[in-house]
Amino acid sequence: MKTIRIFLRDLKGTFRQFIAVWIIVVPVVLAFIIGLATPGASDTPIRIALLRGENPAQASYMEIYAGVELFNDMAALEKRVLERDDIAAIVPDGAGGYVILTQGNEPDYIISAVKALKTYWEQGVLADPSKVLFHDFGRTDPPLKITLVTALVLIVTVMSGMLISINIVDEKVDRTIRAIRVSPVPLTSFVVGKSLTGVVNSLVCGALCVLAAGFFGVDFPQVLLILLSASFISFVVGFMAGLSSNDFISAMASLKLLLVPFVASILAAELISAGWQWLFYWSPFYWAYDGVKGVLTQTARWSTVLRDTGLTMALSFVAYLLFYPGIKRKLV
Amino acid sequence: MKLLPSIRRELTLLSRSIYFYSEIAVAVICLVVLLFVMPEHFDARATEYAFIDLPREQAEAMEEALFADAGPAEGVTLKNRGHEIPARLYTTDMKYVYVVDNRASLSALCEDTGHIGTLLHEPGADPAYEYFLQGNETARYKEYVTLLLSSDFNELLDAADKQEVRALEENPRKLADRQSVLPLMLSVNCVLMGILVTAGYIVEDKKTKVIKALRVTPSRMGVYLTAKMSAVTLTSLAVGLIITAPVMGGGANYFLLCLIIVCGSFFTVSIGALLASFFEDIGKAFTAVFAILVVLMIPGILSMIAGLNAPWVKVIPSYYIVESVKESLLDRDAGYVLLCCAGLAAGGLILMPLSARRYKAAGIGVGG
Chain R
1 MKTIRIFLRD
11 LKGTFRQFIA
21 VWIIVVPVVL
31 AFIIGLATPG
41 ASDTPIRIAL
51 LRGENPAQAS
61 YMEIYAGVEL
71 FNDMAALEKR
81 VLERDDIAAI
91 VPDGAGGYVI
101 LTQGNEPDYI
111 ISAVKALKTY
121 WEQGVLADPS
131 KVLFHDFGRT
141 DPPLKITLVT
151 ALVLIVTVMS
161 GMLISINIVD
171 EKVDRTIRAI
181 RVSPVPLTSF
191 VVGKSLTGVV
201 NSLVCGALCV
211 LAAGFFGVDF
221 PQVLLILLSA
231 SFISFVVGFM
241 AGLSSNDFIS
251 AMASLKLLLV
261 PFVASILAAE
271 LISAGWQWLF
281 YWSPFYWAYD
291 GVKGVLTQTA
301 RWSTVLRDTG
311 LTMALSFVAY
321 LLFYPGIKRK
331 LV
Chain X
1 MKLLPSIRRE
11 LTLLSRSIYF
21 YSEIAVAVIC
31 LVVLLFVMPE
41 HFDARATEYA
51 FIDLPREQAE
61 AMEEALFADA
71 GPAEGVTLKN
81 RGHEIPARLY
91 TTDMKYVYVV
101 DNRASLSALC
111 EDTGHIGTLL
121 HEPGADPAYE
131 YFLQGNETAR
141 YKEYVTLLLS
151 SDFNELLDAA
161 DKQEVRALEE
171 NPRKLADRQS
181 VLPLMLSVNC
191 VLMGILVTAG
201 YIVEDKKTKV
211 IKALRVTPSR
221 MGVYLTAKMS
231 AVTLTSLAVG
241 LIITAPVMGG
251 GANYFLLCLI
261 IVCGSFFTVS
271 IGALLASFFE
281 DIGKAFTAVF
291 AILVVLMIPG
301 ILSMIAGLNA
311 PWVKVIPSYY
321 IVESVKESLL
331 DRDAGYVLLC
341 CAGLAAGGLI
351 LMPLSARRYK
361 AAGIGVGG
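So the protein sequences, as listed, match chains R and X.
Heads up: the first sequence begins at 1 in the numbering used here, then just goes up one per residue.
Heads up: the second sequence begins at 1 in the numbering used here, then just goes up one per residue.
It should be emphasised that the hints constitute simulated quantities derived from the structure, not laboratory data.
Since this is a predicted model, take the numbers as computed values, not measurements.
One thing to keep in mind: the hints can contain errors.
As the list claims (entries may be wrong) - Straight-line distance between alpha carbons at most 20 Å, and here's what the computed EDC-like set of lysine to aspartate or glutamate pairs gives: (1) R/131 / X/126; (2) R/131 / X/53; (3) X/212 / R/247; (4) R/79 / X/122.
What the hints assert, rightly or not - Cβ-to-Cβ under 8 Å is the rule here; a few derived chain X residues that face chain R: (5) 24; (6) 26; (7) 30; (8) 31; (9) 101; (10) 105; (11) 113; (12) 131; (13) 144; (14) 203; (15) 255.
We treat Cβ as the ideally placed atom computed from N, Cα and C, and that holds for glycine.
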């Protein structure tokens, strides 16, 4: 009860300051912007630059199957082709035909797709809707939006961990922790009570981000469960970094070290082939990312959510058990 | 002229702190992950499922023809909803295709994994193909898929192969997959984190009344801030080089890289110093830092998404840091990098005097 009372008092004090509300509002606004701004991904992989008015029939044909951008002159078109994304151009070759113009570093599949589309246009092939029947599972959120919101939710988790550690260090610098030793409140209750603000921030802010980005069709009990396990990471991370540091800079140092497994886990989940994913199974961030992404893509079943939640909490707890003896020695 | 001794003093203090060693440790861990854990080339092949709805012999013949270039199939067992599904895995240049033996398995796998599935009927039938998508695919994507399946592509293959392709750049350099992580890593770890560290340093100095003590010394606030910021920037520079040199070897333009790290750090630490001037305790300062850091991280995250061109991201200043780091690593557009450096330095030069004025005028931190 003492822990809860400390938490409630801390929460009340925190929300009196406008800036504390900001910490929740900014990620939520960002999630809202991501929801609006991310394109309908899984679009055709082909984007083609054409000269405006040069061949309207060709442009109309291409627009059915590819993203087409029109340019008034060759200079503007070439400038666009040289930008960082993969776009090819189809321009007159000066001999009555057309040539494909590329930057030169596009993946082979892009070049093959543009070649195929240009060939189909030259041969006058049209799509025959009777040939293909499409089914779908009603999941309308684009993959890019899912990846960005998943990363945002986990960033909120880590930042909440930082908030916890900074709160603890702040109490150390103010010598409140020393004062607590002579009060009837156990030190652990005080520290845990102070840390719960970060946990609640992670949970509330994460859930609001999911809603603000427009994920209304997801299974909300699953979302809350996986966010709870993710907030457990923020609690452990913040708790360890806060207790092991005596000043803000040491806390920053500890947190930067903890950011390495965080970033590595997300990169591994997104970029490394399935055969090498096991290298990151030790990281609670990996399972939290897997869990949040599974829930947002609506491919997660309760069995996978419970697995991800359980592993996230268990691995965080193991990390806590491994590091706590050293931290305790420091505290004493 | 007290700037150099002040910077030297800050560097000495920094080298005695745990922060410095943790920075070096982070750099070494990043390096080990990049060199020994992360593959040189990421596997970008997509996973797909397929089922050929034909009598067994015909299905086998079609499967053989479809995957003639993929080499022999690998027999695998997929686990789904507590069931074991036997499948044959074909690995092509662009895809991993699992061929299963019934429609129910195909549908369940597509639903639970989020991957695409294709069901093939007899050639010439209407429909000849059924596609299992997720629901986020655009009408244009469906039109494109329908077009590809509306004629015999093999007949058009010769004509497609003969299409002339002209490249605007003769030998464009591209970062290897492993190297492509560096712009994100360097911009976040070496540049953006400067906001957090600087704000932490200054607020700590406020708490411990170091800033108050400055008022009774001949040292100026501008010199104090510059020394702090220089120490953080130089540490970032060292960390950046520790990570970059072994991964890029001699292929990067290190002069430009150092310049963008220094200018980018100058800009971010100036933001950190300005933010710290508004707050008396680190908890409040952190909330502001947190909000700004989240926004500044977006261009780095987006840079990892291949082929994405999001014009709106250009309004975030860290976009120019990420892009300049990339250009420096590729030793490509020096003019662009120099322009970005000038812009970031100008931003820092505007912010830093503002911070100094705030600390000086209001005696912020003095009251404690």
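Checked hints:
1. R/131 / X/126: Cα-Cα ~5 Å, so holds.
2. R/131 / X/53: Roughly 15 Å separates the two Cα atoms, so the pair holds.
3. X/212 / R/247: 19 Å, holds
4. R/79 / X/122: Violated, because 46 Å separates the two Cα atoms, which is more than 20 Å.
5. 24: 10 Å, violated
6. 26: 5 Å, holds
7. 30: 7 Å, holds
8. 31: 11 Å, violated
9. 101: Since chain R brings no Cβ nearer than about 19 Å to residue 101 of chain X, farther than 8 Å, the hint is violated.
10. 105: Interface hint status for residue 105 of chain X: violated (15 Å vs cutoff 8 Å).
11. 113: The hint holds - residue 113 of chain X has a Cβ within 8 Å of chain R, the shortest such distance being about 6 Å.
12. 131: With a minimum Cβ separation of about 5 Å from chain R (threshold 8 Å), the hint on residue 131 of chain X holds.
13. 144: At 4 Å from the nearest chain R Cβ, residue 144 of chain X passes the 8 Å test, so the hint holds.
14. 203: 7 Å, holds
15. 255: 22 Å, violated
Violation of the numbered hints given earlier is confined to hints 4, 5, 8, 9, 10, 15; the remaining hints are satisfied by the structure.
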